[in-house]
Amino acid sequence: MTAELVIFFVLAALAVFGALSLILQKHPIHSALSLIVVMIALAGLYLLLGAEFVAAVQIIVYGGAIMVLFVFVIMLLNAGIEEHTNISKMAGPPGLLLVIALAGFIAATIARSTGTIQSVAQTGQLADTRSLSNMIFKDFVYPFELTSFLILVAVMGALVLAQREKS
Amino acid sequence: MIPFLQAHADPIIWIVKIALLLFIVLTVNAYLTWFERKVVAHMQSRWGPHRVGPHGLLQPLADGAKFLLKEDPTPAGVDKFVYFLAPLLALALALTSVGLIPFGPDPIRIFGHDIYLGIAPPNLNIGILALFAITALGVYGVALAGWSSNSKYPLLGGLRSSAQMISYELALTMSVVGVLLIAGSFNLTDIINAQAKHPERGVFGWNIFPQLLGFMCFFTAAVAETNRVPFDLPEAESELVAGFHTEYASFKFAMFFIAEYTSMITVSCLCSIMFFGGWLSPFPASWTFTHYLPSLLLIPAGLWIIWDGIRYETVFGKIILPGVGTVLTALGLALLGGLAVPLLHSVNEFIQGPFWLLSKIFVFLFVYVWMRGTLPRFRYDQLMAFGWKLLLPLSIANVVVTAFVILMWGAK
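If you're matching them up, the sequences are chains A and B in order.
Note that the numbering used here has the first sequence beginning at 1, numbered continuously upward.
Note that the numbering used here has the second sequence beginning at 1, numbered continuously upward.
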């Protein structure tokens, strides 16, 4: 077992543990914290794949900005322990079914794939910052601009919605 | 024993480095509190700490003992896990960020291993991004402490601080983009080396000259990120008792305290590295006589401390201060001996980088303390307006202008 493989399994276990904890925790803040663990474990996995920039951005944007906003909103609303209504209790059995289906699907895909985890962990410098920015700003510049336009529209929409009614 | 050490050289070097850096950072933290109290006291025509040890120099030790020995009550109704996690998170993240700072250009060669000053390897390509990632996570320490304490003042402090840190993080990140454009790299060592492109320009080659606006935005935003005066609203005493750490006592309080002072050190390091040439000397590279500046500073300082110690009232001070002074003078003389002895000469050359970097860091730490002694606190709405309406547009303008200039005329 190489060091990369050990780190991969540790991070993967952390991500799965965080995801499970996210669902099973009763309190919204604990769920949010679990989600942060998932984000950071994913960032570690990206780092393992040689995608340094993506890893850092994953932590800055998802681990930092977005999750801080989640935590902030939960704190601001002072949300308590979640209550189970009848409908949310009903979601259990079909959810379990979906989980089994998805797990089977993933297992089938893994069983059929030829690559090993070893080879994935050693692809190395696939996505250094320079080649990534070349891809975004040269090869895919129009999709990139379109996406940013979409985000701009969403931001303006949020502004309009949040504006107080003029009396 | 020796083969074992040789076989596991890398991990051993790492562990020793980490332990050493921890020791240094924590000691500097402790004496930073002493320095801050002294400087602020003199600004307010007081003496500051002067009872424990000569000039109050043992005050940090006494404070440390106090933090360790005080009762550590856990308030009723706290969220236990998060309540204990928050100070740990704050301290761990603050200390990690110091580990990413490179402290000198040249490695020390010990038993065939090149050991760089600083824990992160010098070819860490995402240096500055990793630092921002840690800063981004740093909000949680404060926010979670505020929330988990189950008390209204900490909650308000935590809310304020999360809002403040989210707002100022944008300006903080945007303001360094100019520097990154000039250097063309996220690597801190590369950023410093890019400022040494013209060695004869000395201080005029630093990023501060093209990036004055960027530096001002960065330093302001960084002070706000570290929750220091004039942006210390999360712990505004008059309104919120002690803000997010009101309910923390004993060593858990000390952990927040250490985290705050450590992030001050990190910010000072970043300012020096990104805008003030890091370990580069402000003089042109051909002025080699400036390499004896450290010894020329050490000798008078040492002699002054000896003279001061002889006049000191207490016997303890009469022993300690001349001792320290003698050590400093001897150190200065030894470095000056580099004029004749080759080994001392190479030592003197080696300390040039760290000497300049540490001097710059010290200046920024002084500015922090200076601001604390001078500036009044912002009002909350002023703080938000300042961040969003002035700092962010200015830093974006700085990015646009820098990018335009580099596109037209190239980076220098």
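Keep in mind that the hints were calculated from the coordinates and are not lab data.
None of the values given here were measured: they were computed from a predicted structure.
Be a bit skeptical, because a hint or two may be false.
Covered stretches of chain A (in silico footprint by chain B; criterion: 3 or more residues with CB under 8 angstroms from a CB of chain B, positions within the stretch not fixed) [said to hold, decoys possible]: (1) 14–26; (2) 143–154.
Pulled a few chain A residues facing chain B out of the computed Cβ check, cut under 8 angstroms [claimed, not checked]: (3) I29; (4) F72; (5) M75; (6) L76; (7) T129; (8) D139.
Cβ coordinates follow ideal geometry from the N, Cα and C atoms, glycine included.
We went through each hint and held it up to the structure:
no.	hint	in the structure
1	14–26	violated (count 0)
2	143–154	violated (count 0)
3	I29	holds (6 angstroms)
4	F72	holds (5 angstroms)
5	M75	holds (5 angstroms)
6	L76	holds (6 angstroms)
7	T129	holds (7 angstroms)
8	D139	violated (20 angstroms)
Hints 1, 2 and 8, counting from the list given before, are not met by this structure.
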